[in-house]
Every structure is written in C-alpha cells, then in structure tokens.
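For reference, the chains in residue letters:
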Amino acid sequence: MSKLLQRYNDRERMNHWFVVLLFVLAGCSGFALFHPSLFFLSTVTGGGSWARILHPFLGVLMVLSFLGLFLRFVAANRFTAADKEWKKQMGQLLKGNKSAMPAVGKYNYGQKLVFWLFACSLIVLLITGFLFWRPWFAPYVPIAVIRVAVLLHAIAAFVLVLSVIVHIYAAIWVKGTLRAMTRGTVTEEWARSNHRIWYDDAMKR
Amino acid sequence: MASLQTQDVVARSATTTPTPQVRSAVAPVAKLIDESKCIGCKACQVACMEWNDLRDEIGSNVGVYDNPADLTPNSWTVMKFFEVEPKAGNLEWLIRKDGCMHCEDPGCLKACPSPGAIVKYANGIVDFISENCIGCGYCITGCPFDVPRISPKDNKAYKCTLCSDRVGVGLEPACVKACPTGAINFGTKEDMVTYGDKRAGELKERGFQNAGLYNPAGVGGTHVMYVLKHADQPELEKLPRNPSISPAVSLWKGVAKPLAVAGMIGAAVVGFFHYMKVGPIEEQPEDGKREKEGS
Chain H
139 MSKLLQRYND RERMNHWFVV LLFVLAGCSG FALFHPSLFF LSTVTGGGSW ARILHPFLGV
199 LMVLSFLGLF LRFVAANRFT AADKEWKKQM GQLLKGNKSA MPAVGKYNYG QKLVFWLFAC
259 SLIVLLITGF LFWRPWFAPY VPIAVIRVAV LLHAIAAFVL VLSVIVHIYA AIWVKGTLRA
319 MTRGTVTEEW ARSNHRIWYD DAMKR
Chain P
2 MASLQTQDVV ARSATTTPTP QVRSAVAPVA KLIDESKCIG CKACQVACME WNDLRDEIGS
62 NVGVYDNPAD LTPNSWTVMK FFEVEPKAGN LEWLIRKDGC MHCEDPGCLK ACPSPGAIVK
122 YANGIVDFIS ENCIGCGYCI TGCPFDVPRI SPKDNKAYKC TLCSDRVGVG LEPACVKACP
182 TGAINFGTKE DMVTYGDKRA GELKERGFQN AGLYNPAGVG GTHVMYVLKH ADQPELEKLP
242 RNPSISPAVS LWKGVAKPLA VAGMIGAAVV GFFHYMKVGP IEEQPEDGKR EKEGS
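As given, the protein sequences belong to chains H and P, one line each in that order.
Numbered according to this note's numbering, the first sequence terminates at residue 343, and the numbering increases by one at each position without gaps.
Numbered according to this note's numbering, the second sequence terminates at residue 296, and the numbering increases by one at each position without gaps.
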C-alpha cells in the first residue's frame, strides 16, 4: 500500500457534495421544464408545480454553495502559460497516450476549463433565472427581455450539463481520482503521474 | 376546466405523440369582431363574467372608459378605448374588444412545458386546461399578443376559452350572444373571413379606404379576427402589425430542445465508448514505468 496525500480537506469535500445534491435536484426540475421527454423528472421534486416552485430556490442555493467552491479553488484554477502545451497535447491524451502530457500543478488545463465553464454558466443561470422567476420577479420584467432570458438560461444549462458530464467522465476515466473527493486523499502514484508539479510541492512540504 | 372529451385535440402542449383526432368532420370556427359596429357597451365583458363565473376586483377609475384597465386573471375580455388621429386633425374614438386571439400557431402552446396544460381543438380553439397548469408563465413568454394572466390566487394561467364549453355543444360564445349590435359574430372560419371581407368592403365604400380584416398570417391566422377601420395601422389600437412567435421562443422551444437533449445524451454515449475503446488511465506504480501485465 502506497502512501496517501491529502488533496481535499473535509470542508472542501462536503461543500462539493452539497453542490452535487443541489445540482441533481435543480437539474431534474429544470430538465422537466425543458423537454417533454424529460418531464417525468419533475416527480423527483414532487410534480410539475413543485418543480416550478422549487427549481429557482434550488438553483440559487446551488450557486451560493458553488461560490464556496469557487473561492476555495479559484487561485489554483488561474490559467498559466504552461496550460498551452497541455492544451496542444490534449488530443494525444484522449487517444490514451499519456506520456505526451506535460507536468501539471494541482489542476490541468482541462480541469481549469471545466471550472470556468461551471462558474460562467452558473452566473448566467443565476441572472437570467431571476428575470423569469414567478411569481415574484417576472411580472416586473418586460416580456421581450424574458424571451431572451429563457433562451440564455437554456443555453447556459446545456453548457453546465455538458461540463458536468466531462467532469464526471474524467473522474471515472482517470483511475484513483474519485477517492480525492470521497476520501480526501490520493495515492502518491496518482499524484506523481497526473499532477507532477503538485506532487513535487507536496513532497517538499 | 377539464379537456373536452367530445373535441378532437390537434395540438397538446409538451406532448410528442399524436393526440386524439379521429373526428374528421370538424370545421374550424372563428369569432369576428367588427369594430365599426361596436358601441363600447361592455355587454360582452359582462356576459363573459356571467358565463365563466368570474368576478374581478372592483378597481378604480383611471380617467378613461377602460375598466379594468387591462386583461386580468378574472377578466378574460376587456373593452379598450383609443382616442386617435389616423389622419392629422381627424379625431376618432376606436373601441377594441381585447382578449385571446386563438392563433392557428399558438405561441403559448409552443412554450408550455406541462403536458396537456394547453390544447388546441380541431375547431381551432386554444384552451388552457388549468388543472395541468404549473404556473411557470412560459405561455406569457410565448404569446405574441400579451394575453395570458397568472392568478395570484392559485398560480394558474387564465385567458379567454372562446367559450369552448359552449361551442362544444353547438352554442356561440357568451360575448357573441350578448352583443346588442351584432358587432361580434361567430361561425366557421371560412364564413367569418368571407363576412369580414364583405364588411371591410362596405366600410371602404363609406370612406374608410384602409378598412380590412385582421387575420395575421404570422401566427397562421387567428380564430378571433377583427374588422378594422384602419387595417393599415393596427398599432392605433395596440395590435401588433405582424405578430409571430418570437424567434427566441421558437429557438428555445423549437430546434434547441431536441438538439440539446441529443447533445447531452450524445456526450454521455461518447464518454462510454471512449472508455471502452481507449480504456482508463491507470495509476502508475513507478515514475515512467507501466504496470506489468497481470500484476
């Protein structure tokens, strides 16, 4: 058994999983209102009317709890010059050729991209969502504005869901990743092969 | 009200399979409002309240005849009065009975996310099935005429039903029955178009050169039509010149819907096959060396 490195502390992990729960609930209630084939998901939150009532509250709560993650991880997710090389080699990685990848810190370019897609789509969802939140806010917004807001809301939700799919898939694909969020720790091997710079820093500490 | 089981439903909100529509002998209907015959008595408003058991709050006088000032969840039709000058120096008092236009291509139905909350019957009537309404207000977003209103009492959307319950048993709408001057007519859409054109012709002979039928093509025509004295200037009475479902709404509840769902399912499927083809990235026991087979 190899040594373990701490990657996320308990607060970070609980914050993450709280966002996950809210994402599932807001997602189900939101999907229900988006496409008829997904209307059955409204039962998750108690039927059509309850989906409509709860969705905005769940969404606002999700954004607020994501803000916690954002503030914790924004520094580590700033793009750097080194990300360019990783971006260039991304195609190789997808083909399974990991040896071509440059050493990265706590997060690689792909992870950073997902982080910022989350942040950007959530801010669009938050702002546009308020504009057609009934019964409280929508009556004060011109219908022409609401029409644009609903479209942007749907596009942002689509971007968010796609990013989440990439996020989940990466965690399944790269073995040893999931335990970073479930247990808070990763193996030295995982850290060395996937986040070399972060590993070296951790070893110095 | 509940869906009328005796009527064919040719379109149903948030539904992707065919709706009941075997009855083939149903003629589209229409209400024709001839503003040149309207005296603004509001009998239609009263009849609407009476038949539909609606009692709006007693409001306050805002200085004009309009009362209430706009459509509400409890006032499905409202007489609107306009003091306008179609030609400079030529004051006219126009009166328009406002309410749902019953579009052939209803924006409310297109936008509605709740299965069966909005239906269009074979006769063309667009009806809200209130028990299926979830109160999201998407119908308001979709409507090119700003008609649906959500009640603060129950968070359900309401509008003119074109008295679908009366029409379903062969009666004319209550407002038509009550109109003392024959300004509101009801019949098959074909007959009403013919009659409307005839009335417009008569008005032209009387000096209203631009009289005409308001049956806007942008929404596929409507099942409530107006004979306007100034059909070239529908804005005089706050009617949109070329109403159609907003492109944003068409995109949102049109192509974006299946594309987005396909995109999301597609992403998950691509991920699945990527995993099966390429395989996972394993933890490597030692720097730069691959795990031995079978170890």
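Be a bit skeptical, because a hint or two may be false.
[What the hints assert, rightly or not] DEER-style ranges, computed between Cβ atoms:
#1 R210/H - G221/P: 28 to 34 Å
#2 D147/P - T320/H: 50 to 56 Å
#3 F178/H - G221/P: 28 to 34 Å
#4 S61/P - I265/H: 52 to 58 Å
#5 F275/H - S61/P: 41 to 47 Å
#6 Q6/P - R210/H: 54 to 60 Å
None of these hints come from the bench; they were simulated from the model.
Cβ coordinates follow ideal geometry from the N, Cα and C atoms, glycine included.
Hints and how they fare:
At about 53 Å, the beta-carbon gap between R210/H and G221/P misses the expected band of 28 to 34 Å. In this structure, D147/P and T320/H meet the distance hint of 50 to 56 Å, their C-beta atoms being roughly 52 Å apart. A hinted range of 28 to 34 Å for the beta carbons of F178/H and G221/P is consistent with their spacing of about 31 Å. Taking the beta carbon of each, S61/P and I265/H are about 36 Å apart, not inside 52 to 58 Å as hinted.
Between F275/H and S61/P the Cβ separation comes to about 26 Å, which falls outside the hinted range of 41 to 47 Å. Q6/P and R210/H have their C-beta atoms about 58 Å apart, which keeps the hinted 54 to 60 Å range intact.
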